[in-house]
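Sequential numbering of the sequence shown, starting at 1, is according to full-length UniProt numbering.
I should point out that these hints are in silico values taken from the structure, not numbers from a laboratory. Just so you know, not all the hints are guaranteed correct.
What the hints assert, rightly or not - Simulated restraints, written as ranges between beta carbons of each label pair:
1) Gln108 - Ser37: 17 to 27 Å
2) Cys123 - Ala13: 14 to 24 Å
3) Ala48 - Trp121: 12 to 22 Å
4) Ala48 - Pro120: 28 to 38 Å
A virtual CB, placed ideally from N, CA and C, is assigned to each residue, including glycine.
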Amino acid sequence: MTTPFSGGCTCGAIRYVCSRTPVAMLNCHCLDCQRSSGAPFASGFIVADSGIEITGTPKTYSVQAASGGVATRSFCPECGSPLFTRGDVNPGFMSVRFPTLDDASKFQPMLDIWTASAQPWACLNQAIPHYPQLP
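Generate the whole structure from the sequences, applying the supplied hints.
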């Protein structure tokens, strides 16, 4: 993706602008991502905290992640759109859900992670690497 790029929640209460190129774009198949997305996996891109400017105030909740650390998920308190995830395993970085992009067509997953938890009927793209947990 070329920078800067932007996005936000469905209702527009939360907006962001990224000034840095994502470190990675991925699909996560962990059970928490499945539950929080309501789908067989959650897709997003990883960016340095210092490379994103957020306007509005998302609501957060924290869970014990499969990695053993804490994952804090952010969502819009008005429309409920899932937005960001921060984990204590990778401080200084966050994941941003790809459907929040103003131009989601630029999102191209580079890898699948936590495939050990993938649903057996989920179709994995064989052209990208798969990791049973974190690479």
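Self-check item: Satisfaction of the hinted span 28 to 38 Å by the C-beta atoms belonging to Ala48 and Pro120
Solution: Between Ala48 and Pro120, where Cβ atoms are some 35 Å apart, the hint holds.
Self-check item: Pairwise beta carbon distance, Gln108 to Ser37, judged against the given window 17 to 27 Å
Solution: Once the Cβ atoms are compared, 18 Å apart, the range 17 to 27 Å for Ser37 and Gln108 holds.
Practice problem: Could you say whether the range 14 to 24 Å given as a hint is met by the Cβ separation of Cys123 and Ala13? | Solution: violated, 34 Å
Quiz prompt | Consistency of beta-carbon spacing, Trp121 to Ala48, with hint 12 to 22 Å | solution = Violated: the Cβ-Cβ distance is about 35 Å, outside 12 to 22 Å.
In terms of the numbered hints stated before, the structure departs from hints 2 and 3, listed from lowest to highest.
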